[in-house]
Amino acid sequence: MRIPKSWLSPNIIDCLSFIYLTFFKMPFLGMQVDVWSAGVLFYQMLFGRRPFGHDQTQERILREDTIIKARRVEFPTKPTISNEAKDLIRQCLTYNQAERPDVLTIAQHPYLTYLKK
Numbered sequence: 001m002r003i004p005k006s007w008l009s010p011n012i013i014d015c016l017s018f019i020y021l022t023f024f025k026m027p028f029l030g031m032q033v034d035v036w037s038a039g040v041l042f043y044q045m046l047f048g049r050r051p052f053g054h055d056q057t058q059e060r061i062l063r064e065d066t067i068i069k070a071r072r073v074e075f076p077t078k079p080t081i082s083n084e085a086k087d088l089i090r091q092c093l094t095y096n097q098a099e100r101p102d103v104l105t106i107a108q109h110p111y112l113t114y115l116k117k
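For what it's worth, this note's numbering labels the leading residue of the sequence shown as 1, then goes sequentially.
Watch out, some of these pointers could steer you wrong.
[To be verified] Just the calculated beta-carbon pair ranges, DEER-fashion:
id: 1; residue 1: Lys86; residue 2: Asp34; range: 31 to 37 Å
id: 2; residue 1: Phe47; residue 2: Asn96; range: 33 to 39 Å
id: 3; residue 1: Arg71; residue 2: Ala107; range: 22 to 28 Å
id: 4; residue 1: Arg49; residue 2: Leu104; range: 24 to 30 Å
id: 5; residue 1: His109; residue 2: Glu59; range: 31 to 37 Å
id: 6; residue 1: Asp34; residue 2: Glu64; range: 22 to 28 Å
id: 7; residue 1: Met45; residue 2: Thr113; range: 15 to 21 Å
id: 8; residue 1: Gly48; residue 2: Tyr114; range: 19 to 25 Å
id: 9; residue 1: Arg72; residue 2: Asp34; range: 27 to 33 Å
id: 10; residue 1: Met45; residue 2: Gln97; range: 21 to 27 Å
Read the hints as simulated data drawn from the structure, not as lab findings.
Note that the structure is a prediction, hence the values are computed from the model and not measured.
Every residue, glycine too, gets a C-beta built ideally from N, C-alpha and C.
Start from the sequences and build out the full structure, keeping to the hints where you can.
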């Protein structure tokens, strides 16, 4: 499915990065889509850029299916983040929705439970 250009308004552009693009192809979305969005948010908070297509316009990301083709998360060298943070982001951004942990599993991740110890 192609996204209509009319959707590319300033209000929508930033939001599309958070939506796992199979949203447009699947009838039911589980909590794993929320986990994907959380992974994008964590990545952006830590690195100040999108995990996929950070150097591309939103139109190019959609035209070239950048997010759909993304299979692996790459991390910049700066800032340095913990291995636990990287693992959390990798799990959240697991490409295959069936393999991606749900919200309850992610909530138990060591990176998020560190302060509880």
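Taking the hints in turn, this is what the structure says about them:
1. Lys86 to Asp34: 31 to 37 Å: About 20 Å separates the Cβ atoms of Lys86 and Asp34, which means 31 to 37 Å is violated.
2. Phe47 to Asn96: 33 to 39 Å: The hinted range 33 to 39 Å is violated for Phe47 and Asn96, with Cβ atoms some 23 Å apart.
3. Arg71 to Ala107: 22 to 28 Å: With Cβ atoms ~25 Å apart, the hint holds.
4. Arg49 to Leu104: 24 to 30 Å: For Leu104 against Arg49, whose Cβ atoms are near 29 Å apart, the range 24 to 30 Å holds.
5. His109 to Glu59: 31 to 37 Å: Because 34 Å falls inside the window, the suggested range holds.
6. Asp34 to Glu64: 22 to 28 Å: Holds: the Cβ-Cβ distance is about 25 Å, inside 22 to 28 Å.
7. Met45 to Thr113: 15 to 21 Å: holds, 18 Å
8. Gly48 to Tyr114: 19 to 25 Å: holds, 22 Å
9. Arg72 to Asp34: 27 to 33 Å: violated, 21 Å
10. Met45 to Gln97: 21 to 27 Å: Given about 23 Å between the Cβ atoms, the range holds.
Hint compliance for this structure: hints 1, 2, 9 are not met, and every other hint is.
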